[in-house]
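With chain A held as given, fit chain B onto it using these hints.
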Amino acid sequence: MKRRDFVKIFGLATGGLLLGCNVSADKVVVNTLEDGISFVPNLFIQLQKDGTVTIVVARSEMGQGIRTSMASAIAEDLEADWKYVTVQQATGDAKFGNQNTDGSRSIRTLLKPMRKMGAMARSILEQAAAKKWNIAASDCKAENHFVVNNTTGEKVFFGDLVEEAKTIAIPSDENIILKDKKDFKYIGKKVVRGIDMEDFLHGKANYGLDARLPNMKFAAIARSPVTFGSVKSFDTSEATEITGVEQVVQLDRLIPPAGQFFGMLGGVAVIANNTWSAFQGKNNLNVEWESGINESYDTEKFKEKLISRIHNKAKVVPPFKGSIEKAFKNADKVIEATYTMPHLAHAPMEVPNALAWVHDGQCDVWAPVQDPQTVQAEIAHFFGFAIEDITINVMMLGGAFGRKSKSDFVVEAVALSQKIKAPVQVVWTREDDIQHSFYHAQNAQYLKGSLDEKGKVTGWLHRVAFPSITSSFKPMSNYIAGFELGMGFTNNPYEIENIQIENAKAESHLRIGWLRSVSNIISGFGVNSFVDELAIASGKDAIEFRLDLLGKDKVSTAASPHPFNVARLKNVLIEAKKLSNWERKLPEGHGMGVAIHYSFYSYVATVVEVSVKSEKVKVENIYSVLDCGMYVNRDAVINQMEGAAIFGMSLTMFGKISTKNGAVEQSNFHDYQMTRMIDAPNIHVHLVDNDEDPTGVGEPGVPPVSAAITNAIFNASGKRVRSLPLSDHGMV
Amino acid sequence: MQTLTINGQDYQVNAPESMPLLWAIRDLIGLTGTKFGCGVAQCGACSIMIDGTVVRSCSTMVSQGVGKNITTIEGTSDSLIALRQAWRDNSVPQCGYCQSGQLISAAELLDTNENPTDDDIDNAMSGNICRCGTYVRIKKAIKEAVELKKQV
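From first to last, the protein sequence lines are chains A and B.
Just so we're aligned: 592 in this note's numbering is position 592 of the first sequence, and the numbers increase by one with no gaps anywhere.
Just so we're aligned: 1092 in this note's numbering is position 92 of the second sequence, and the numbers increase by one with no gaps anywhere.
Chain A with its partners taken away, still in its complex shape:
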């Protein structure tokens, strides 16, 4: 059985050419038509006679630049001229393979198949030109949207090869040759203008909130201030007085089955003929809520509870190494510290929203979603549609940061459209977004370490407690999941003889979710703060101490698609030392701090320079070094690192969601603040160039930022900040 045909050539109604390729994760899945297996391509390139190349992108665009990166990776090996390249956003469909845009994985898993697809198309065009000129394909070479006859120098335009290409047999694997790195025009370069740039600059990009249908309605929903509370009674008289309000509809909570989906909170929905009237109607509702089980949730009290738990022995989790008891007993010095961070909300600039239209036995959705196939499956589950009758049109995402992986807002829109039998767009207010999120978990960490008389670390105890993301899928999940502990707790990079990791109980009283970098934010703060405290106790330079503690160069033998290589972590630290000019003399009141973190298979070191004047902190400079292996769009990667620095700064300076009597206290950007331009530091980014496999970019820049800032504050002022945010200490 021949198993090498992974591309099929289709004719297009427009006379163009469509290449369909089936890829799954980072490998090419081979389906031959002779097998009788139906060929379901999930990566497409269209070539039109006018030369237009259209690439179907099946990942969501939320600012990471994936539409541009995917298109440029294909364009590279296709030898396409960027000016002819366009993209088409895929709808949610299992045929596209994994579409979940999450975990910093798109380029990591798709770069190879995308390049191979481009090379395949190039080979077909070269063969088509060879046929046209009646010469050997080896005498033809694709160059910037033309195929050149190597002997005569004659050129033929890609678009003029469409007809000929349809007759070309699928090239065999040995004829698919990827370009040499030295010939790259797009990959690793900054030459490509973002595919959506002109739309961004003219207000033409279509975000979820911009979706429009004739005669559509707009809805705003009042939800219980206490998570999972329910409607006791409501009075609509003042709401329906608002001009534009058409009806008021109660929505029951939809509880997802254990282990999957998100459901929706339920509440009272005001339907209007414009967004403003819906908002006003919602504000005018008088709803009496039954608060339910989370009524007594108070984050200040919960913080004390978590601290008392981590100050006692908790559940020991693997890996076990040596004996911390012995290490602590024989130590020259023992250091201990407790760190806490509050809940956080994603607060993407575009609030959660979805337009749904249930009609004629089908369900059409237009929404900014990170994971359209889960949305589809969730709608099928709750509303009984067949998967093929559900269309998820993935709109542009005005930021997401993990919030738009959760499809609760789409479920609300579908439920409403089904009830009112009209297309309806559910729009969350900013208050809704801040008060009904899937929150990053409030957390507490206790670290205890021992040093011998030479200042070498001999023992490390790390106890952590935070409500797990698992609790959103399985109630009563009161311990941190393995995947969360694997983000910087159990995979501590340091070479220490005696290590013990413990996990203390933490119940959830809000919906818990993942937020850019997830629990790496927690470990990044705890581990990097504590290593700094150990370095100071040992009297050594913060960077030298870390380099020493990372131990000998070695590559992890643990099963992993990209094994951890400690030499790469040391390298980013050394590069950050150079980039920040670490040993320079600082102005009065200034200090520098450093942090390193390995996440999403990438290596980051961050140095921060702060100034502290009258107890107020100003972040002056952030220096970040990233080793993410091979990268596609150099400038987009740098932009992500700059953004990660600001994201990390926002949560360090201001990030705090608190509750009283079960209800979130913050409501909008005045009390859930973001870093603004006036506080933005200079940001310096260095990318390590190597030929390693591509790894994560969107998230890895965030985790080191908090501790680099608080370590710098200590360096500047001698004040050790162990609980975030800084605004709680009057330092901003």
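Source of the hints: derived by calculation from the structure; they are not laboratory data.
All clues given are correct.
Each computed DSSO-like pair below joins lysine-lysine, with the alpha-carbon atoms no more than 30 Å apart: (1) Lys-190(A) - Lys-1139(B); (2) Lys-1143(B) - Lys-189(A); (3) Lys-131(A) - Lys-155(A); (4) Lys-585(A) - Lys-1139(B); (5) Lys-303(A) - Lys-313(A); (6) Lys-326(A) - Lys-540(A); (7) Lys-578(A) - Lys-1139(B); (8) Lys-1140(B) - Lys-578(A); (9) Lys-613(A) - Lys-1139(B); (10) Lys-618(A) - Lys-1143(B); (11) Lys-613(A) - Lys-1143(B); (12) Lys-329(A) - Lys-313(A); (13) Lys-1149(B) - Lys-190(A); (14) Lys-1140(B) - Lys-616(A); (15) Lys-578(A) - Lys-1143(B); (16) Lys-1143(B) - Lys-204(A); (17) Lys-83(A) - Lys-1149(B); (18) Lys-1140(B) - Lys-185(A); (19) Lys-1140(B) - Lys-204(A); (20) Lys-1143(B) - Lys-190(A); (21) Lys-1150(B) - Lys-190(A); (22) Lys-1150(B) - Lys-204(A); (23) Lys-1143(B) - Lys-616(A); (24) Lys-1143(B) - Lys-83(A); (25) Lys-1140(B) - Lys-83(A).
Quick look at chain B alone, frame taken from chain A:
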């Protein structure tokens, strides 16, 4: 019925009393480039210009726009042309959502200040939140746009 003049074109709207301009522009007129971010003039995503002055359209009544010249991101001006070029050259946007408001705020700055200092830029732009964190690029692009505008 009210008449709103947006980017030189007249639009008839029948806006409910108390409706802010943002929703008249987005929901009634259908120009969706102006964005909703917070509803309380805290984030700047909804920035527009009325007779050359930036306002947060989420907190400005329709009546305040009647009989005035409104500029939205769909419009153009010498400053916007220079800013767009600098935005391209610096690959400023990430998700792009706040950039309509950023460009409008920057346009007012360039319209009114030929040589803005760093402090002028910070002050003009700090009402606009970018959750993606593109501030460094926005600032650099504004400085380049100042120079581009002088060359025209």
